[in-house]
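Asks: Here is what each chain is made of, one letter per residue.
Number of protein chains: 2
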Amino acid sequence: MDYNRLLRNSHIFASTVREVLERHFLEEASSLPLTISQFYLLKLISNNELYQVGEIAELMGVSNAAASKNIDKLEGLGLVTRTTSEGDRRATLLTLNPKGKRLVQTYEDLKAERLSPVLDQFDPAEIEELSRLLEKFSAEVFRFEGSTGDELENSYCLRCAVYLERDCPVGDILGGCPYNTLYAAHHPEHAVTEGSG
Amino acid sequence: MDYNRLLRNSHIFASTVREVLERHFLEEASSLPLTISQFYLLKLISNNELYQVGEIAELMGVSNAAASKNIDKLEGLGLVTRTTSEGDRRATLLTLNPKGKRLVQTYEDLKAERLSPVLDQFDPAEIEELSRLLEKFSAEVFRFEGSTGDELENSYCLRCAVYLERDCPVGDILGGCPYNTLYAAHHPEHAVTEGSG
DNA sequence: CGTAACTAGTTAACTGCGTTAACTAACTTG
DNA sequence: CAAGTTAGTTAACGCAGTTAACTAGTTACG
Numbered sequence: 785m786d787y788n789r790l791l792r793n794s795h796i797f798a799s800t801v802r803e804v805l806e807r808h809f810l811e812e813a814s815s816l817p818l819t820i821s822q823f824y825l826l827k828l829i830s831n832n833e834l835y836q837v838g839e840i841a842e843l844m845g846v847s848n849a850a851a852s853k854n855i856d857k858l859e860g861l862g863l864v865t866r867t868t869s870e871g872d873r874r875a876t877l878l879t880l881n882p883k884g885k886r887l888v889q890t891y892e893d894l895k896a897e898r899l900s901p902v903l904d905q906f907d908p909a910e911i912e913e914l915s916r917l918l919e920k921f922s923a924e925v926f927r928f929e930g931s932t933g934d935e936l937e938n939s940y941c942l943r944c945a946v947y948l949e950r951d952c953p954v955g956d957i958l959g960g961c962p963y964n965t966l967y968a969a970h971h972p973e974h975a976v977t978e979g980s981g
Numbered sequence: 785m786d787y788n789r790l791l792r793n794s795h796i797f798a799s800t801v802r803e804v805l806e807r808h809f810l811e812e813a814s815s816l817p818l819t820i821s822q823f824y825l826l827k828l829i830s831n832n833e834l835y836q837v838g839e840i841a842e843l844m845g846v847s848n849a850a851a852s853k854n855i856d857k858l859e860g861l862g863l864v865t866r867t868t869s870e871g872d873r874r875a876t877l878l879t880l881n882p883k884g885k886r887l888v889q890t891y892e893d894l895k896a897e898r899l900s901p902v903l904d905q906f907d908p909a910e911i912e913e914l915s916r917l918l919e920k921f922s923a924e925v926f927r928f929e930g931s932t933g934d935e936l937e938n939s940y941c942l943r944c945a946v947y948l949e950r951d952c953p954v955g956d957i958l959g960g961c962p963y964n965t966l967y968a969a970h971h972p973e974h975a976v977t978e979g980s981g
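Sequence order for the protein chains is A and B. The numbers in my numbering rise by one with no breaks, and the one at position 49 of the first sequence is 833. The numbers in my numbering rise by one with no breaks, and the one at position 136 of the second sequence is 920.
No lab work stands behind these hints: they were computed from the structure. Here the structure is a predicted model, which means the values were calculated and not measured. Careful: at least some of the hints might be erroneous.
In silico DSBU-like cross-links for lysine-lysine, where the CA-CA straight-line distance does not exceed 35 Å [stated by the list, open to error]:
id, chain 1, residue 1, chain 2, residue 2
1, A, Lys-895, B, Lys-857
2, A, Lys-883, A, Lys-853
3, A, Lys-827, A, Lys-895
4, B, Lys-885, B, Lys-827
5, A, Lys-920, B, Lys-920
6, A, Lys-857, B, Lys-885
7, A, Lys-885, B, Lys-883
8, A, Lys-853, A, Lys-895
9, A, Lys-857, B, Lys-883
10, A, Lys-827, A, Lys-920
11, B, Lys-827, B, Lys-920
12, A, Lys-827, B, Lys-885
13, B, Lys-827, A, Lys-920
14, A, Lys-853, A, Lys-827
15, B, Lys-895, B, Lys-857
16, B, Lys-853, B, Lys-827
17, A, Lys-857, A, Lys-895
18, B, Lys-883, A, Lys-827
19, A, Lys-920, A, Lys-885
20, B, Lys-895, B, Lys-853
21, B, Lys-857, B, Lys-885
22, B, Lys-920, A, Lys-895
23, B, Lys-827, A, Lys-895
24, A, Lys-920, B, Lys-885
25, B, Lys-883, B, Lys-853
26, A, Lys-920, B, Lys-895
27, B, Lys-920, B, Lys-895
28, B, Lys-857, A, Lys-853
29, B, Lys-885, B, Lys-920
30, A, Lys-885, A, Lys-853
31, A, Lys-885, A, Lys-827
32, B, Lys-883, A, Lys-853
33, A, Lys-883, A, Lys-857
Label-pair restraints from in silico Cβ distances [claimed, not checked]:
id, chain 1, residue 1, chain 2, residue 2, range
34, A, Ser-847, B, Asn-788, 25 to 33 Å
35, A, Arg-807, B, Ser-869, 44 to 52 Å
36, A, Gly-838, B, Ala-875, 29 to 37 Å
37, A, Ala-896, B, Arg-807, 29 to 37 Å
38, B, Thr-819, A, Arg-916, 29 to 37 Å
39, A, Ser-931, B, Asp-786, 48 to 56 Å
40, B, Thr-865, A, Thr-890, 45 to 53 Å
Glycine included, C-beta positions come from ideal geometry on N, C-alpha and C.
Make the full structure from the sequences, and use the hints.
Replies: Take a look at the structure:
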């Protein structure tokens with residue numbers, strides 16, 4: 785049955801992404817005992833240095849306390865550095881150490897290398913179509929979730945900031961993705977204007 | 785860039801499946817404090833009663849101890865019942881109570897209802913194509929993982945038994961999916977013969 | 001047959017990551 | 001400048017997983 789087949793393949797795909805692309809490739813790229821979450825944190829900082837602890841917590845969908853403890857660990861491993869912000873001395877800014885930069889790069893390189901033969905099995909048109917359908921499915925799910933009465937904003941965190949581009953339709957439906965909001969705050973000169981989604 | 789777009793959409797899709805279809809729909813279907821894993825356990829039993837504790841542990845990719853503790857919890861909630869096997873008095877067989885059956889059914893109904901308007905946004909041909917591409921991607925990832933020297937069998941658990949059909953190409957590549965193996969043990973009369981893909 | 005080796009399951013001690021609540025320090029407001 | 005707010009850390013706890021030790025039942029074989 786089509787419906788069951790789609791559900792099964794969706795589950796298997798989701799598990800494959802998490803277990804192989806996210807967990808296993810990370811384990812291969814580094815012998816450090818990092819969880820997927822901790823590596824996300826690293827990637828977030830590598831995308832945009834000078835995040836504050838609270839911003840990181842929001843992008844990861846966890847409490848400040850959890851973010852702080854994860855940062856303790858990454859700092860202990862020599863991957864990131866805390867600096868007190870000059871402008872607001874309560875705030876702690878995060879930067880990536882060379883060791884952290886190298887780890888992120890090693891992971892990205894390994895993933896690209898491992899995925900390359902996989903993607904070679906697909907037509908470019910198939911890749912395009914898969915991308916489109918994945919995006920459409922996610923967007924439609926949230927569109928209808930939003931119409932069942934629940935508050936959509938802040939009720940889900942897909943931890944998508946790690947991969948997010950500024951014009952992400954799923955993020956838009958989710959009620960202004962936090963990445964966009966923070967990006968706008970960090971780069972006021974080219975904030976995403978509303979309605980551009 | 786195509787590659788990044790595919791990675792981003794894959795991550796978002798994977799998170800959507802996990803956070804919405806698996807976690808949120810479950811929370812909506814029941815106020816019981818069940819984790820996704822504990823609900824999988826319930827679904828496994830609902831697919832095939834009389835599993836043993838160790839079989840459940842293998843299908844879920846966790847230790848016997850963890851499976852046993854999860855069963856404690858489900859038993860405490862009145863969802864499943866342990867029975868000592870007649871044939872082998874060391875073994876504990878698991879059956880679903882009416883309350884457990886109802887919970888699984890409520891979740892399935894709710895998921896079908898919520899997904900129906902989502903799927904209406906797609907052509908049947910698009911659904912078909914999405915299913916095919918999801919399956920192909922997962923299968924190709926594991927095919928190449930298998931060729932990098934690591935032992936494939938037992939190194940990943942996608943917890944796919946919950947959704948698995950008997951002829952799953954991903955399971956085959958993973959080195960004989962545990963579901964098939966156990967299915968054959970439980971139903972020797974129509975075991976999947978090797979080479980049947 | 002009867003002991004040795006194995007197997008199924010549970011329990012105990014521990015780890016790791018999350019939570020909320022309490023706290024400190026710094027900033028803002030009037 | 002005192003009152004209230006905000007950023008971050010720390011403490012106490014919960015929950016799900018692990019390995020190791022244990023109990024009880026089964027199998028193999030001298």
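Asks: Hint by hint, note whether the structure agrees.
Replies: The hints, checked one at a time:
1. A:Lys-895 - B:Lys-857: At roughly 39 Å apart (the allowed maximum being 35 Å), Lys-857 of chain B and Lys-895 of chain A break the hint.
2. A:Lys-883 - A:Lys-853: Holds, at roughly 19 Å.
3. A:Lys-827 - A:Lys-895: Within the cut-off at roughly 14 Å; holds.
4. B:Lys-885 - B:Lys-827: Holds, at about 9 Å.
5. A:Lys-920 - B:Lys-920: 19 Å, holds
6. A:Lys-857 - B:Lys-885: 43 Å, violated
7. A:Lys-885 - B:Lys-883: This hinted pair is violated, its Cα atoms lying about 52 Å apart.
8. A:Lys-853 - A:Lys-895: With a Cα-Cα distance of about 27 Å, the restraint between Lys-853 of chain A and Lys-895 of chain A holds, given a limit of 35 Å.
9. A:Lys-857 - B:Lys-883: 43 Å, violated
10. A:Lys-827 - A:Lys-920: It holds: about 25 Å lies between the C-alpha atoms, which stays within 35 Å.
11. B:Lys-827 - B:Lys-920: 25 Å, holds
12. A:Lys-827 - B:Lys-885: 43 Å, violated
13. B:Lys-827 - A:Lys-920: Distance of about 28 Å is within 35 Å: holds.
14. A:Lys-853 - A:Lys-827: 17 Å, holds
15. B:Lys-895 - B:Lys-857: Within the cut-off at roughly 24 Å; holds.
16. B:Lys-853 - B:Lys-827: Holds. Lys-853 of chain B to Lys-827 of chain B sits at ~17 Å (cutoff 35 Å).
17. A:Lys-857 - A:Lys-895: 24 Å, holds
18. B:Lys-883 - A:Lys-827: 44 Å, violated
19. A:Lys-920 - A:Lys-885: Answer holds: Lys-920 of chain A to Lys-885 of chain A is near 33 Å, not above 35 Å.
20. B:Lys-895 - B:Lys-853: 27 Å, holds
21. B:Lys-857 - B:Lys-885: It holds: about 16 Å lies between the C-alpha atoms, which stays within 35 Å.
22. B:Lys-920 - A:Lys-895: With a Cα-Cα distance of about 18 Å, the restraint between Lys-920 of chain B and Lys-895 of chain A holds, given a limit of 35 Å.
23. B:Lys-827 - A:Lys-895: 33 Å, holds
24. A:Lys-920 - B:Lys-885: At roughly 33 Å apart (the allowed maximum being 35 Å), Lys-885 of chain B and Lys-920 of chain A satisfy the hint.
25. B:Lys-883 - B:Lys-853: Given that 35 Å is the threshold and the Cα spacing comes to 19 Å, the pair holds.
26. A:Lys-920 - B:Lys-895: 18 Å, holds
27. B:Lys-920 - B:Lys-895: Holds, at roughly 24 Å.
28. B:Lys-857 - A:Lys-853: Satisfied, since the Cα-Cα distance of roughly 29 Å is no more than 35 Å.
29. B:Lys-885 - B:Lys-920: 33 Å, holds
30. A:Lys-885 - A:Lys-853: 20 Å, holds
31. A:Lys-885 - A:Lys-827: 9 Å, holds
32. B:Lys-883 - A:Lys-853: Violated: Lys-883 of chain B and Lys-853 of chain A sit about 40 Å apart, past 35 Å.
33. A:Lys-883 - A:Lys-857: 14 Å, holds
34. A:Ser-847 - B:Asn-788: 25 to 33 Å: Taking Cβ atoms as reference, Ser-847 of chain A and Asn-788 of chain B lie about 30 Å apart, which means the hint holds.
35. A:Arg-807 - B:Ser-869: 44 to 52 Å: 35 Å, violated
36. A:Gly-838 - B:Ala-875: 29 to 37 Å: The hint (29 to 37 Å, Cβ to Cβ) is violated, given that Gly-838 of chain A and Ala-875 of chain B are roughly 52 Å apart.
37. A:Ala-896 - B:Arg-807: 29 to 37 Å: Since the Cβ atoms of Ala-896 of chain A and Arg-807 of chain B sit about 30 Å apart, the hinted range of 29 to 37 Å holds.
38. B:Thr-819 - A:Arg-916: 29 to 37 Å: Given range 29 to 37 Å: holds, Cβ gap about 33 Å.
39. A:Ser-931 - B:Asp-786: 48 to 56 Å: Violated, at about 32 Å.
40. B:Thr-865 - A:Thr-890: 45 to 53 Å: Between Thr-865 of chain B and Thr-890 of chain A, where Cβ atoms are some 50 Å apart, the hint holds.
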